[in-house]
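Engineer: Sequence:
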Amino acid sequence: MAEPYRAFTSAVIPLPAENVDTDQVVPARYLKVTDKAGLAEALFHDWRYAEDGTLREPRFVIDRPEMAGRSILLAGDNFGAGSSREHAPWALAAFGLRAIISTSYADIFRSNSLKNGVLPIVVDGTTHEQLFALLEADPEARLTVDLAEGGILLPDGSTIDFEIDPFAKRMLLAGTDEMGFLLAAAPAIEAWEATHPARVDTLVGTG
0 MAEPYRAFTS AVIPLPAENV DTDQVVPARY LKVTDKAGLA EALFHDWRYA
50 EDGTLREPRF VIDRPEMAGR SILLAGDNFG AGSSREHAPW ALAAFGLRAI
100 ISTSYADIFR SNSLKNGVLP IVVDGTTHEQ LFALLEADPE ARLTVDLAEG
150 GILLPDGSTI DFEIDPFAKR MLLAGTDEMG FLLAAAPAIE AWEATHPARV
200 DTLVGTG
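Take 0 as the starting number for the sequence shown in numbering that gives the first Met the number 0 and just add one per residue.
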């Protein structure tokens with residue numbers, strides 16, 4: 000993750016399908032890559048492309064012209080189920096999606112997303128239905144996602160609050176990850192080490 004996560008405003012891509020697993024998000028044959036390069040094309044590949052490599056018609060929702068540039072995905076329940084592949088949030092991030100809104104996620108998918116700059120927001124079932132109704136009434140409706148405040152600002156001025164793991168929130172806002180956090184604390188760790196024994200035999204103890 001290179002950039003701190005800031006508040007942003009975007010129209011929304013609706014994807015009401017439930018139980019979308021990570022093999023649908025990015026097919027297994029794309030798991031050989033070791034970075035995000037090219038994974039935007041792999042995102043939902045088998046739903047988007049015909050066998051000859053052309054876009055299916057009618058186009059999958061993320062390929063419709065009016066969805067270009069949108070960075071919020073309103074997904075159905077249980078998004079990101081299945082295997083633990085990190086390539087799924089990689090592909091979402093590579094496509095330009097910065098936040099997903101659903102009623103639930105697979106734990107490992109949620110964790111991987113937080114580590115890769117894709118914010119998985121959980122809302123209750125009633126709010127979820129209201130958001131889909133909002134998009135049906137106004138497909139161009141724009142939402143503002145504010146991680147620092149923990150809220151989604153709606154066009155009518157109301158706010159949907161959401162919770163996120165405090166440490167993950169801290170990492171996203173700082174634009175770093177666990178390793179970056181540890182490296183930033185290196186001076187304090189080295190100072191502590193300098194004032195303590197080089198080795199502590201935990202079997203014997205220090206007494």
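Hints are computed from structural coordinates only; laboratory data are not their basis.
Please note that the accuracy of each hint is not assured.
In silico DSS-like pairs for lysine-lysine, Cα to Cα no more than 30 Å straight-line [as the list claims (entries may be wrong)]: (1) K35 - K168; (2) K114 - K168; (3) K114 - K35; (4) K114 - K31.
Remember, predicted model here, so these are calculated numbers, not experimental data.
Engineer: Provide an ascending list of the numbers of those earlier hints which the structure does not satisfy.
Structural biologist: When the structure is compared with the hints, none of them turns out to be violated.
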